[in-house]
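From first to last, the protein sequence lines stand for chains A and B.
Everything in the first sequence is counted per the numbering used here, starting at 1 for the first residue and increasing by one.
Everything in the second sequence is counted per the numbering used here, starting at 1 for the first residue and increasing by one.
Source of the hints: derived by calculation from the structure; they are not laboratory data.
Since we're looking at a predicted model, the values are computed, not measured.
Don't take each hint at face value.
Straight line, CA to CA, 16 Å or less: simulated EDC-like cross-link-like pairs of lysine to aspartate or glutamate [claimed, not checked]:
1. A:Lys3 - B:Glu73
2. A:Lys457 - B:Glu74
3. A:Lys159 - A:Glu192
4. A:Lys288 - B:Glu73
5. A:Lys18 - B:Glu128
6. A:Lys285 - B:Glu73
7. A:Lys77 - A:Glu111
8. A:Lys285 - B:Glu74
Listed below are several chain B residues computed to face chain A (Cβ distance under 10 Å; list not exhaustive) [said to hold, decoys possible]:
9. Gly81
10. Met104
11. Val155
12. Trp283
We put the beta carbon where it would ideally sit given N, CA and C, even for glycine.
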Amino acid sequence: MSKFFNLIVNELVKILAKSSTKIMLAIIVLLAFFWNLAAFINDREMRKIDEEVIDYDYIFEVYKYSEEYESMYQFLKEIGVTVTSDWRYDAMQDITDELSGTLRDYPSQREAALEWYEKLKKPIGDNDPKGYLARRIEYINTLPGMDSDTKKAYAAILKFAMENDIPPTRHDSRFSNLLSLIDKKAELSLLESMPADIRDTKRITTLKNEIAISEYAIEKNITTYLTEVSDEFSPFYFQGFWFAFSESVNQITVISLLILIIAGSIVASEYSVGTIKFLIINPVKRWKILAAKYLSVLITGISILIIYYILNFLMATAFFGLGDIGAPLLKASDGVVTAGSPFLYVAFMYLLNSVSLLAMATFAFMISSLVRNAALAIGLGVFLMMTGQGVTFLLGSIFGMDWARYILFANTDINAILSQNTPFLGHTLGFALTVIAVYMIVFLLTAYDAFVRTDIK
Amino acid sequence: METVLKLDHVTKRMGGRTIIDDVSFEVYAGEVFGFLGPNGAGKTTTIKMILGLLSIDEGKITICGNDNVRQFEEAMKNVGGIVENPETYSYLTGMQNLRQYKRMRQGVTEERLKEVVQLVGLENRINEKVKRYSLGMRQRLGLAQVIMHRPKLLVMDEPTNGLDPAGIRHLRDIFRHLAHEEGVAVMVSSHLLSEMELMCDRVGILANGRLLDVKLVKELIEQAEGNKRIIRFTVNNSETAVNVLEEKGIAPLKVEGNTFDISVESDEELAKVSASLVTAGIWLLGITHQGQNLEDVFIQIAGGGGQIE
Chain A
1 MSKFFNLIVN ELVKILAKSS TKIMLAIIVL LAFFWNLAAF INDREMRKID
51 EEVIDYDYIF EVYKYSEEYE SMYQFLKEIG VTVTSDWRYD AMQDITDELS
101 GTLRDYPSQR EAALEWYEKL KKPIGDNDPK GYLARRIEYI NTLPGMDSDT
151 KKAYAAILKF AMENDIPPTR HDSRFSNLLS LIDKKAELSL LESMPADIRD
201 TKRITTLKNE IAISEYAIEK NITTYLTEVS DEFSPFYFQG FWFAFSESVN
251 QITVISLLIL IIAGSIVASE YSVGTIKFLI INPVKRWKIL AAKYLSVLIT
301 GISILIIYYI LNFLMATAFF GLGDIGAPLL KASDGVVTAG SPFLYVAFMY
351 LLNSVSLLAM ATFAFMISSL VRNAALAIGL GVFLMMTGQG VTFLLGSIFG
401 MDWARYILFA NTDINAILSQ NTPFLGHTLG FALTVIAVYM IVFLLTAYDA
451 FVRTDIK
Chain B
1 METVLKLDHV TKRMGGRTII DDVSFEVYAG EVFGFLGPNG AGKTTTIKMI
51 LGLLSIDEGK ITICGNDNVR QFEEAMKNVG GIVENPETYS YLTGMQNLRQ
101 YKRMRQGVTE ERLKEVVQLV GLENRINEKV KRYSLGMRQR LGLAQVIMHR
151 PKLLVMDEPT NGLDPAGIRH LRDIFRHLAH EEGVAVMVSS HLLSEMELMC
201 DRVGILANGR LLDVKLVKEL IEQAEGNKRI IRFTVNNSET AVNVLEEKGI
251 APLKVEGNTF DISVESDEEL AKVSASLVTA GIWLLGITHQ GQNLEDVFIQ
301 IAGGGGQIE
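With the sequences and hints as input, model every part of the structure.
Shown next, in the form of structure tokens:
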């Protein structure tokens, strides 16, 4: 056993000493840096749009607004609103939208609408969000063109916001959560009113879980959190740190290329420089040497992923700070919400995205041992990794070939399978993992057979 | 004498051709065994079978009593070998290269590593990357690699290839030291007869995949001495001299300018040849003995089956 451990040490020493490995590590560091830099620039732009400074001169000179909006901007300027993230900006926009809608669609209610407009404007002018919310609750009931259920729901969230000091603006995640609850609840009641045989039960479950999570976050006063959005199976985030950190998972494709290079050359390079002879004439059976090489590829792959994970954490911290680090990951099932660690979740996402990496590394390893040519093994591996998933998707979706589900690449995109986004019916995770496992066994047996039986000339 | 390596009716076929045909021989502890044969005779193939690089179609090879196929690990514990060129990992240092092999073998200590580094004379450069080594240094590193675990059998395929005369002498000294002082069975292949003569105690002669004979080098030399000697004459007019000799039924082996070689069986014959040349009025400017004619012996054994350089 210790001898086998020594074989792995040998392989790792060789991998680490190669200059190509050092170049790879440099690429990984640069990749993490530039990804986080891009995320940071994007975040800055998004915030700039979100907290835009209102340029009144520009508005009054260039745009020709209708009377109501003209006076809205006049009013905002008077009461000293300078940025769009101010709650009063949103509130004024809301009531002005509603006024102009009523004037257009219900001209008969002109007087009442104008009266309410002034009433609502008062607390906005006084910068009194609670007073505004209180009046708004009253006002909702008078609005034409809204059914009573929606009115009730709307009034309830406004009341909740008023009682909990939540400013009535979309820039506050709790308030925007409250708003989204109304839409989701409306959709849910619509779906549930459908006859049982055409009811979209999947969507109903999703909605119920989303509603549960939103209510949980509002109740616990959680402003930043991550959640799995079921149809995307990717985290939903509000802030820069978690966006940068969790979406770094997309660069695993690039990491795969690096690991493919190691897997494709680890056997072939021994042949190309002739060191294979010196490896074989040691008192170690050939299969042990091969197994040590394969395990070393896996260890290197896992190490690179861990390094990339840590690098991204450090870079995201450097760019965004640790302000959001305590954000929980909220999961719901059957309406019961549990809070977990998003670090574990991101790690899990790394793992899922590595399935295709594992399959392709094993494939390149087999080719490497079969044809003893690193360039061919790596090239074939990269080519299949790039085209494989696309081709099987085409076979399945356009040509309707159901057997294509047994092709390796139809099963390596675990994200697509989890979100049911594959051209094959009833394509489950279990099926995909079984197919991958069978392929890997075949690959490894082929590699074993080639390596153990061939004469070394 | 303890038998370390034993080949027992070994046959190897490749692509329908029989490369090695029913070869049997033994190599004993404490001797340097020369494996002699022209290029293409099957020396490297035989060595690769001994080292487990090639499969064996018929027969078997045992090393210290262990079958090298069925008891591969046991057999290989006692073996060190270099096939063709001593390949090393050029991106590792000399020491890192040695540690690679240390990890695969049992009982090699750090002290032993230092000892072998000293033995091959690399102590000043051992921590440098191998890519900066000269060919000779790589060969010495390769040797350190294969003797660090004190193998009972050392198999070297054409070890002197690419070495300068000093390097060849160093290697020869190491082999003789290992065999005669440490009791290692050393097997060395070569196509150079002169080299074998200096290095080996016994030689096996291989041609066209068949083992033709196994002899002590002493015996070979005696056979050569006992047979014929090559005498080189330098004269003032070789054309006339050759005519004189041919009249007496003696054919020269080689004529080159004013020199020619003839082979003689006895001192008496040499005296007769000289006398007849002098009688014919030819000036004898030089008569030299061209050494033992091992090549002749070899060609005799090999039946002209291959060229020896």
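Status of the hints after comparison with the structure:
1. A:Lys3 - B:Glu73: holds (12 Å)
2. A:Lys457 - B:Glu74: violated (23 Å)
3. A:Lys159 - A:Glu192: violated (26 Å)
4. A:Lys288 - B:Glu73: Holds. Lys288 of chain A to Glu73 of chain B sits at ~11 Å (cutoff 16 Å).
5. A:Lys18 - B:Glu128: holds (15 Å)
6. A:Lys285 - B:Glu73: holds (6 Å)
7. A:Lys77 - A:Glu111: violated (26 Å)
8. A:Lys285 - B:Glu74: At roughly 10 Å apart (the allowed maximum being 16 Å), Glu74 of chain B and Lys285 of chain A satisfy the hint.
9. Gly81: Holds - the Cβ of Gly81 of chain B comes within 10 Å of chain A, reaching about 5 Å at its closest.
10. Met104: holds (4 Å)
11. Val155: holds (9 Å)
12. Trp283: violated (57 Å)
In summary, the numbered hints that this structure violates are 2, 3, 7, 12.
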